[in-house]
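K.L.:
Sequence:
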Amino acid sequence: MLDARFVRQNAELVRQALQDRGSDWNLDGYLELDTTRRELLAELEAAQARRNTDSKAIGALMKEGRREEAETLKAEVHSVNEVIARTEGSLAEIDGVVQEMMLTIPNLPDASVPVGANEQDNVEVRRWGTPPDFDFEPKAHWDLGPGLGIVDFERGVKLAKSRFVVLGRDGARLNRALINFMLDTHGGRGYTEWSVPAMANTETLTGTGNLPKFEDDLFAAADGLYLIPTAEVQLTNLHRAEVLDASDLPLDYTAYTPCFREEAGAAGRDTRGMIRVHQFDKVELVKFAAPENSFDELEKMVADAENILQQLGLAYRVITLCTGDMGFAAAKTYDIEVWLPSYAGYKEISSCSNCTDFQARRAAIKYRSPKEFGGSRFVHTLNGSGLAVGRTLVAIMENYQQADGTVVVPEVLRPYMGGQEAIQ
RNA sequence: GGAGAGGUGGCAGAGUGGUUGAAUGCGGCGGUCUCGAAAACCGUUAUGCGGGUAUCCCCCGCAUCGAGGGUUCGAAUCCCUCCCUCUCCGCCA
Numbered sequence: 037m038l039d040a041r042f043v044r045q046n047a048e049l050v051r052q053a054l055q056d057r058g059s060d061w062n063l064d065g066y067l068e069l070d071t072t073r074r075e076l077l078a079e080l081e082a083a084q085a086r087r088n089t090d091s092k093a094i095g096a097l098m099k100e101g102r103r104e105e106a107e108t109l110k111a112e113v114h115s116v117n118e119v120i121a122r123t124e125g126s127l128a129e130i131d132g133v134v135q136e137m138m139l140t141i142p143n144l145p146d147a148s149v150p151v152g153a154n155e156q157d158n159v160e161v162r163r164w165g166t167p168p169d170f171d172f173e174p175k176a177h178w179d180l181g182p183g184l185g186i187v188d189f190e191r192g193v194k195l196a197k198s199r200f201v202v203l204g205r206d207g208a209r210l211n212r213a214l215i216n217f218m219l220d221t222h223g224g225r226g227y228t229e230w231s232v233p234a235m236a237n238t239e240t241l242t243g244t245g246n247l248p249k250f251e252d253d254l255f256a257a258a259d260g261l262y263l264i265p266t267a268e269v270q271l272t273n274l275h276r277a278e279v280l281d282a283s284d285l286p287l288d289y290t291a292y293t294p295c296f297r298e299e300a301g302a303a304g305r306d307t308r309g310m311i312r313v314h315q316f317d318k319v320e321l322v323k324f325a326a327p328e329n330s331f332d333e334l335e336k337m338v339a340d341a342e343n344i345l346q347q348l349g350l351a352y353r354v355i356t357l358c359t360g361d362m363g364f365a366a367a368k369t370y371d372i373e374v375w376l377p378s379y380a381g382y383k384e385i386s387s388c389s390n391c392t393d394f395q396a397r398r399a400a401i402k403y404r405s406p407k408e409f410g411g412s413r414f415v416h417t418l419n420g421s422g423l424a425v426g427r428t429l430v431a432i433m434e435n436y437q438q439a440d441g442t443v444v445v446p447e448v449l450r451p452y453m454g455g456q457e458a459i460q
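Residues in the first sequence are numbered consecutively from 37, following our numbering.
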């Protein structure tokens, strides 16, 4: 959500931002509604002011025993109340539309974000590591996994439906090792670990921007709850409707959760293997930062995610998403893409975003700094994968495969695998 | 699932129809005192929106005491509905 006053006073800037994003959000329609709304509001408030002063006068007259005069004034307030009721009705109607619109306008891209239409206009920032050079024909994970008996696609379908996967034996253990390794590593770098519900209510999902616009991406559960698409939702909303202390910022949080996604618009994409599934594990990073250093914190967050890949010895590259490819809530996003032999290229394994005050405004997350400023201000929220566990598992299988079909366990994971050096 | 209690400002906690946006305490901020600090004392301290002025220094207005609706000239205060929390009992990983 954007600040209504900002949109009003910087209409052309917002128009440009929407255009850069390729958004068809109706700015002119909004501005017109906004003007009408303020006119109605002025009318309403004038009538309410009248009622308030008259009511006080009535109270005073009653005390003095001047009943007749009080009754006359009461009759006048009656007519004022009619105006109030009528104006309130019109205003509520417009307010409903305005609020709906405000919940669907995307965040403004940061000035440092490259302008572009789609993923082809994303800009590579850096690369790390070298993709493995196999002296044999490397297998894709969808062949390797079932071959080793550690990934079972058929049974995932049997238990749930397509795009669900079962991990078995060393696959399950490696998955668990990755979760623990990631949590421990981030914990060692100052992130506080949380364990949060796998379901979230509508207020929570509205706070992060998943609702109302992206309901199709979510799995709905009973009682108005949804399965979470990412722990970002929960970690960010931990402080919903709270006022934080500036001296506590930045707050660095991490959590492991399963993530559930409908993948409604992804029919036909990544259909093979476990790259795009309805349920996957992820270790998430979330930060609450002061506005003046949120972009520095974004760089640190990316470095924290990169650190996992470096320790695992997986080649990757970092790209800056262009305006047309960024998510709804983000002002700036770095994607980290890991090398996957089966794709003969880099595939997204982490996405780190600074959402500036966009989510904070929706979720009412503020901070106070009495020495710096009066009152409270919106914090900046950041989130990033650190990392998507399922895709990391895939990357390890494919990059660490041997000619004999076995998979070497990266050294940093061995303590988490009882010292095991290979999966065979 | 059954029974009861309760939801008020950053926190704790008063307030049961009329200058109550809200006592008091704690915390925060500013000041006095001090070489400095602590203590003490004094002052100050909710949020959102609209308008004026202007750009965050003020002024005016409106709204907000869990949410929504109702009664009334007037609601934190009375009535209804919903949500949530707590306590006890039952059940249970």
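Treat the hints with caution; some may be incorrect.
The calculated EDC-like cross-link candidates involving lysine to aspartate or glutamate, where the alpha carbons are at most 16 Å apart (straight line), are [to be verified]:
1) Lys92 <-> Asp60
2) Lys197 <-> Glu342
3) Lys402 <-> Asp281
4) Lys249 <-> Glu328
5) Lys402 <-> Glu299
6) Lys197 <-> Glu298
7) Lys249 <-> Asp60
8) Lys249 <-> Glu299
9) Lys249 <-> Glu239
10) Lys92 <-> Glu107
11) Lys407 <-> Asp284
12) Lys249 <-> Glu298
13) Lys383 <-> Glu328
14) Lys407 <-> Asp281
15) Lys383 <-> Glu160
16) Lys383 <-> Asp306
17) Lys175 <-> Asp440
18) Lys92 <-> Glu105
19) Lys402 <-> Asp284
20) Lys110 <-> Asp90
21) Lys402 <-> Asp39
22) Lys402 <-> Glu328
23) Lys383 <-> Asp56
Derived from the structure by calculation, the hints contain no laboratory data.
K.L.:
Confirm or reject each hint.
P.N.:
Structure-based check of each hint:
1. Lys92 <-> Asp60: Status violated; Cα separation ~49 Å.
2. Lys197 <-> Glu342: violated (33 Å)
3. Lys402 <-> Asp281: With Cα atoms ~9 Å apart, Lys402 and Asp281 stay inside 16 Å; holds.
4. Lys249 <-> Glu328: violated (29 Å)
5. Lys402 <-> Glu299: violated (33 Å)
6. Lys197 <-> Glu298: holds (12 Å)
7. Lys249 <-> Asp60: holds (14 Å)
8. Lys249 <-> Glu299: With Cα atoms ~15 Å apart, Lys249 and Glu299 stay inside 16 Å; holds.
9. Lys249 <-> Glu239: holds (13 Å)
10. Lys92 <-> Glu107: Holds, because 13 Å separates the two Cα atoms, which is no more than 16 Å.
11. Lys407 <-> Asp284: Answer holds: Lys407 to Asp284 is near 14 Å, not above 16 Å.
12. Lys249 <-> Glu298: The given pair, whose Cα atoms are some 14 Å apart, holds under the 16 Å limit.
13. Lys383 <-> Glu328: Violated, at roughly 32 Å.
14. Lys407 <-> Asp281: holds (11 Å)
15. Lys383 <-> Glu160: Distance of about 13 Å is within 16 Å: holds.
16. Lys383 <-> Asp306: holds (11 Å)
17. Lys175 <-> Asp440: holds (11 Å)
18. Lys92 <-> Glu105: holds (13 Å)
19. Lys402 <-> Asp284: holds (12 Å)
20. Lys110 <-> Asp90: holds (8 Å)
21. Lys402 <-> Asp39: With Cα atoms ~14 Å apart, Lys402 and Asp39 stay inside 16 Å; holds.
22. Lys402 <-> Glu328: With Cα atoms ~14 Å apart, Lys402 and Glu328 stay inside 16 Å; holds.
23. Lys383 <-> Asp56: Since the Cα atoms of Lys383 and Asp56 sit roughly 25 Å apart, the hinted pair is violated (cutoff 16 Å).
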